[in-house]
Amino acid sequence: MVAIRWRPVSAAEPLQARPEGGRRHVGGRLLSVCLLLAAALAGPARAHEAHHASPAAAAAPGYLALPYAPPQPGTYALPPIRAAADGSFTDDGGQSRSLHALYADRITVLSFIYTHCDDANGCPLASFVLSQAAADIAKDPALAATVRFVSLSFDPARDTPAALARHAKPFRKPGVDWIFGTATDTDALDALLGAYGQDVERDGAGGSFSHVLRVYLIDGQARIRNEYTTSFLHASMLAADIRTLAMAAAPAAVPVAAGTPGAVPGPGDDKTGYDEATYVTRSRALTARAAAPAALRLALEQPPPGLPRNALNGPLPSAAQIALGRRLFFDRRLSHNGTVACASCHVPDQGFTNNELMTPIGIEGRTVKRNAPSLFNVGLLPTLFHDARESRLEQQVWAPLLAANEMGNPSIGYVLDKIAALPEYIPLFAAAFPAAPTPTMETLGIALAAYERALLSGDSAFDRWREGRDDGAMSAAAQRGFSLFTGKAGCSGCHLVGDTEAMFTDHELHNTGIGFQRSMATPKPLEVTVAPGARLRVEPSTIAASSETPPNDLGRYEVTLDPADRWRYRTPGLRNVALTAPYMHDGSLPTLDAVIAHYNGGGHPNEGQDPRVRPLQLGASERADLRAFLESLTGSNVATLVRDAYAAPIGDHRND
Amino acid sequence: MSHQTSSQRSALFAIAIGLAITPLSQADETCNSPYMKRLTTQEDFMYIWTLGVSGVGDEQDKLVTVDTNPASKSYGKVIHSLSVGGRNEAHHSGYSDDRRTLWAGGLDTSNIFVFDVASDPAKPTLKTTITDFVAKTGGIVGPHSFYALPGRMLITGLSNNQDHGGRTGMAEYTNDGEYITTHWMPTDDNLQGATKTGQFADGYGYDIRALPRLNVMVSSSFTGWNNYMMDLGKMMADGEAMKRFGNTVTLWDLHTRKPLKVFDVPGAPLEVRCAWGETHDYCFTTTALTSKIWLIHRDGNGEWQAKEVADIGDPAKIPLPVDISIAADDSRLWVNTWNDGMTRLYDITDPHAPKEIYSKHIGEQVNMVSQSWDGKRVYFTSSLLGNWDKKQGPAGDLQYFKAYHWDGKELKEAFAVDFVAEKLGLAHQMTLNARSMYAGRQSPVPPQAGAAGGGDTLAASLGR
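Quick note, the sequences are listed as chains G and B, same order. According to our numbering, numbering within the first sequence proceeds without interruption in unit steps and concludes at 669. According to our numbering, numbering within the second sequence proceeds without interruption in unit steps and concludes at 498.
Pulled out of the complex, with its shape left as it was, chain G reads as follows (with noise of 0.2 Å):
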């Protein structure tokens, strides 16, 4: 007997097996023999013989008992794949057949074979298997009436009718439909082979032919729902894929959580505590977005208690305008290469800042220097960025759009050229600028500046305790942190609040320190967080090998160019303060206790340093109540604003 393995094919031995997924092709006849003894193989029990007859050999899966519990139909998903193309044979009785009739409300396995096929793990065991779950599912009339095998032949010349006929007697079965048959010419089965992706070579010294093995589930709309080769075809798998297709109703769908309304839905990825071993995940499925879109407008007419009347720093826009602002917000298309969005930075679900950095980057991974600032409330502010450098929001928001290191558009015009040729604009700048619908410098600011405006947050329970609407709202902690706020620990001095109405903020700069101790102080090693609880060292040296410089940062005297406002930063609104952590204008503080502690400390001395900023002695229960007194700050529709956000749609590349 002549000895034959398979082999690792190689150029020197073009006529080897090859193993899974490889051509094959022995030479010779010794499929049809294979075939034979395939489909001698009654059953599972007699596969598993086969198994033990030679424990140093693996037949393809498909021969054997599966080693694992098969799926429970119908628990699982099979999304169509794509359309299963048409085409027409001559079926082993002679008859002129279509495959799309064939296909109409059945449930089809296809599979491509030759009759003179010699490779135990091609033809012969898409065969075996097919006549193995043909039997499981005959066992059901009901679900066999329902299902069909078609088994193609790529071979006319030998597989005629007549051949095909006696080839198939050994698999009709009693409840079997099992069509065999070739296509009627050259043509017609190029077409087929190519419509399913049959690479079929001929090998020209044996008449045998080399194909990858391939086996597709169709169902009754003519779609491939599942496809196998040579180590994942299995009789069990199959009929589980056969009647989980035929199960009428959708598989079980695993509920998904939506977010309890009312609820503030927090960042998606909370890493609270991970500093600590103990830390847990409390992760957000992405698909749990509770959209809810809201009429953003009415809080610009009638701004939430707490907030100053008429203070808008510009016009009161349209609700139309609003809408293509957020639209816009959303839309990742708006940096250069399509990856960054102004949500990007500004992640509604994270205070409309972004928690999870220090401070942002841009398109290409670019380094940008300044913590992102919070939008909530930015429309009532008479100067952005921390340098205070802009006006106005309409002007702002071209800012990032040019600058290399955020959106890095090349120029103006190519941004609003890029817009203009998105068709689903083009209904909304028509709604919103009806006299000039073209997108312009001036109308794509405004709508961008319409939505932030419209980001209006108060109505806290600061507020509603300090206007005596409810003096419950506020805790006494609170209450004593507010005392604090505004006497011993003087922090009312610049985050000034009103008496009806407060922003926090004196809208001045001022030099905190941070500044000038990130420009000035030698770099120390670092404690870096490897995982939950667990820290390392790692020496400057170590890092600034792979760092770029990192950028230096004066503040307002880059504006200014005026050496006495060096570190000099805008000061904040505190409005959701507890939700847009990392602070400070480099994210350099990563809690509320830890920016008590800075101010506590007094600081970074320095020439420029506020004289305000000084050592304020506060006890460790006084910094709790300081603490307790910021998280009363947060606005009661923040949920609102962030549920609408969720209600606009992501703009993505698209090739359309």
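Simulated from the structure, these hints should not be mistaken for lab results. Note that the coordinates shown come from a computational prediction; the quantities given were computed from them, not determined experimentally. Ideal placement from N, C-alpha and C gives every residue a C-beta, glycine not left out. Mixed in with the good hints there might be a few duds.
Think about it this way: if two alpha-carbon atoms lie no more than 30 Å apart in a straight line, the pair counts; the simulated DSBU-like pairs of lysine-lysine are [as the list claims (entries may be wrong)]:
| # | chain 1 | residue 1 | chain 2 | residue 2 |
| --- | --- | --- | --- | --- |
| 1 | B | K111 | B | K170 |
| 2 | B | K107 | B | K425 |
| 3 | B | K394 | B | K457 |
| 4 | G | K431 | G | K382 |
| 5 | B | K389 | B | K410 |
| 6 | B | K425 | B | K394 |
| 7 | B | K446 | B | K425 |
| 8 | B | K292 | B | K351 |
| 9 | G | K537 | B | K277 |
| 10 | B | K170 | B | K107 |
| 11 | B | K394 | B | K111 |
| 12 | G | K431 | B | K161 |
| 13 | B | K389 | B | K351 |
| 14 | B | K351 | B | K277 |
| 15 | G | K382 | B | K277 |
| 16 | B | K446 | B | K457 |
| 17 | G | K537 | B | K457 |
| 18 | G | K152 | B | K170 |
| 19 | B | K170 | G | K431 |
| 20 | B | K351 | G | K537 |
| 21 | B | K389 | B | K446 |
| 22 | G | K152 | G | K182 |
| 23 | B | K394 | B | K410 |
| 24 | B | K425 | G | K382 |
| 25 | G | K382 | B | K351 |
| 26 | B | K425 | B | K457 |
| 27 | B | K389 | B | K457 |
DEER-style ranges, computed between Cβ atoms [said to hold, decoys possible]:
| # | chain 1 | residue 1 | chain 2 | residue 2 | range |
| --- | --- | --- | --- | --- | --- |
| 28 | B | G311 | G | A417 | 28 to 36 Å |
| 29 | B | T229 | G | A201 | 48 to 56 Å |
| 30 | G | A98 | B | A429 | 18 to 26 Å |
| 31 | B | A350 | G | E561 | 42 to 50 Å |
| 32 | B | T229 | G | T285 | 21 to 29 Å |
| 33 | G | P563 | B | G430 | 26 to 34 Å |
| 34 | G | R627 | B | G430 | 51 to 59 Å |
| 35 | B | T163 | G | E437 | 20 to 28 Å |
| 36 | G | P553 | B | A429 | 40 to 48 Å |
| 37 | G | G286 | B | D154 | 52 to 60 Å |
| 38 | G | P154 | B | G119 | 53 to 61 Å |
| 39 | G | H113 | B | D154 | 50 to 58 Å |
| 40 | B | T163 | G | S424 | 42 to 50 Å |
Position chain B relative to chain G; hints supplied.
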């Protein structure tokens, strides 16, 4: 044939089983999907998916082809380079199951470039570019691993378009490039039926491998767009960013694509490599930040477990293990550590107790390692991520592709290509290929008369 004797029948049975003899077990070549057409002889080419870098050559991503056949006149030389436009953060690539196309992803733009490597394996051409991956998948950003399943491609993601963090999913595409479906990674609020075995179910993703024999897949977890795109030094100094690394390995049902178990594997488990042996019910992964080898294995009770089995270098120094490569016989595991530029070879004969048996300094930094199926040739590239790579180093040791011979005792350099001097960019993922993979292909035609049953000694031996 219809007149066989029973002894003939027995002989046939034996041959039939003989025909079916193994290599269903299957190696970079050793990291490829077992569903894939495999190269087990001398490779002719290495395709190197290369990041464009500002100031070098044409500054854009490209697929570089290097001649790796010692018998060739152009051995060790770049013989082809195909620029694709833009910097996409070129990262990993993988063949379709029929090895006719090579899919290469961009972690930044989420563009996927599908190259035709079959028509002329020496000169790949760009067949199509998938530009709507994010929109089609429902928001997956950063296509990472391209893992061949029958007739389709399973593509793992690293991030999402909502917050550019680490929560993500996987998508399936047809070999023709059509989107099929999305599978989200299990999260605490939607474990999708999986068991959270420990403290973490972060929903992060990275790599995936399958053990078809056991109907399972194993996926790992890295970090989102914010971090993998960021300057490395900036990231390490950012305490918030450092909290956004994956700490999980997920076990999946291969057939139903449903998650079964979520394991705690802290410190960013990256590449997953599964054993090939028929009785080797395990996969390896290594954690980038905590520098450990982990074993994902099926225990004596048939239960899947995750277990830390070895340190890599001195974890306190953060050597940063990156790519790994398993030998085809499951006896050895190459482990690269990016920070110190070392490759380390582990004896994994006992998968529960890997032992380092060899190490060598490859360059200023080293990321990917690929070996030939027989393990005699081992290849290395330098680049990890565009903004993480080192900026300074000896000429030729910063961004390179290096080829070595492994004789069982030591690595001997065969040749090296300096990707900066050659004006190419940052060398990342390698895939091996050979002309022999496509030999004999022709249009399907009916056989010539008389060819049927054409004389083979096997048929003769059967006494027909």
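Structure-based check of each hint:
{"no.": "1", "hint": "B:K111 / B:K170", "in the structure": "violated (39 Å)"}
{"no.": "2", "hint": "B:K107 / B:K425", "in the structure": "violated (34 Å)"}
{"no.": "3", "hint": "B:K394 / B:K457", "in the structure": "holds (27 Å)"}
{"no.": "4", "hint": "G:K431 / G:K382", "in the structure": "holds (28 Å)"}
{"no.": "5", "hint": "B:K389 / B:K410", "in the structure": "holds (20 Å)"}
{"no.": "6", "hint": "B:K425 / B:K394", "in the structure": "holds (22 Å)"}
{"no.": "7", "hint": "B:K446 / B:K425", "in the structure": "holds (27 Å)"}
{"no.": "8", "hint": "B:K292 / B:K351", "in the structure": "violated (37 Å)"}
{"no.": "9", "hint": "G:K537 / B:K277", "in the structure": "holds (20 Å)"}
{"no.": "10", "hint": "B:K170 / B:K107", "in the structure": "violated (45 Å)"}
{"no.": "11", "hint": "B:K394 / B:K111", "in the structure": "holds (24 Å)"}
{"no.": "12", "hint": "G:K431 / B:K161", "in the structure": "holds (26 Å)"}
{"no.": "13", "hint": "B:K389 / B:K351", "in the structure": "holds (19 Å)"}
{"no.": "14", "hint": "B:K351 / B:K277", "in the structure": "holds (19 Å)"}
{"no.": "15", "hint": "G:K382 / B:K277", "in the structure": "holds (20 Å)"}
{"no.": "16", "hint": "B:K446 / B:K457", "in the structure": "holds (26 Å)"}
{"no.": "17", "hint": "G:K537 / B:K457", "in the structure": "violated (37 Å)"}
{"no.": "18", "hint": "G:K152 / B:K170", "in the structure": "violated (41 Å)"}
{"no.": "19", "hint": "B:K170 / G:K431", "in the structure": "holds (21 Å)"}
{"no.": "20", "hint": "B:K351 / G:K537", "in the structure": "holds (16 Å)"}
{"no.": "21", "hint": "B:K389 / B:K446", "in the structure": "holds (22 Å)"}
{"no.": "22", "hint": "G:K152 / G:K182", "in the structure": "holds (20 Å)"}
{"no.": "23", "hint": "B:K394 / B:K410", "in the structure": "holds (16 Å)"}
{"no.": "24", "hint": "B:K425 / G:K382", "in the structure": "holds (20 Å)"}
{"no.": "25", "hint": "G:K382 / B:K351", "in the structure": "holds (28 Å)"}
{"no.": "26", "hint": "B:K425 / B:K457", "in the structure": "holds (16 Å)"}
{"no.": "27", "hint": "B:K389 / B:K457", "in the structure": "violated (39 Å)"}
{"no.": "28", "hint": "B:G311 / G:A417: 28 to 36 Å", "in the structure": "violated (53 Å)"}
{"no.": "29", "hint": "B:T229 / G:A201: 48 to 56 Å", "in the structure": "holds (52 Å)"}
{"no.": "30", "hint": "G:A98 / B:A429: 18 to 26 Å", "in the structure": "violated (55 Å)"}
{"no.": "31", "hint": "B:A350 / G:E561: 42 to 50 Å", "in the structure": "violated (26 Å)"}
{"no.": "32", "hint": "B:T229 / G:T285: 21 to 29 Å", "in the structure": "holds (24 Å)"}
{"no.": "33", "hint": "G:P563 / B:G430: 26 to 34 Å", "in the structure": "holds (28 Å)"}
{"no.": "34", "hint": "G:R627 / B:G430: 51 to 59 Å", "in the structure": "holds (56 Å)"}
{"no.": "35", "hint": "B:T163 / G:E437: 20 to 28 Å", "in the structure": "holds (22 Å)"}
{"no.": "36", "hint": "G:P553 / B:A429: 40 to 48 Å", "in the structure": "violated (26 Å)"}
{"no.": "37", "hint": "G:G286 / B:D154: 52 to 60 Å", "in the structure": "holds (56 Å)"}
{"no.": "38", "hint": "G:P154 / B:G119: 53 to 61 Å", "in the structure": "holds (58 Å)"}
{"no.": "39", "hint": "G:H113 / B:D154: 50 to 58 Å", "in the structure": "violated (36 Å)"}
{"no.": "40", "hint": "B:T163 / G:S424: 42 to 50 Å", "in the structure": "violated (25 Å)"}
In this structure, the hints that do not hold are numbers 1, 2, 8, 10, 17, 18, 27, 28, 30, 31, 36, 39, 40, in rising order.
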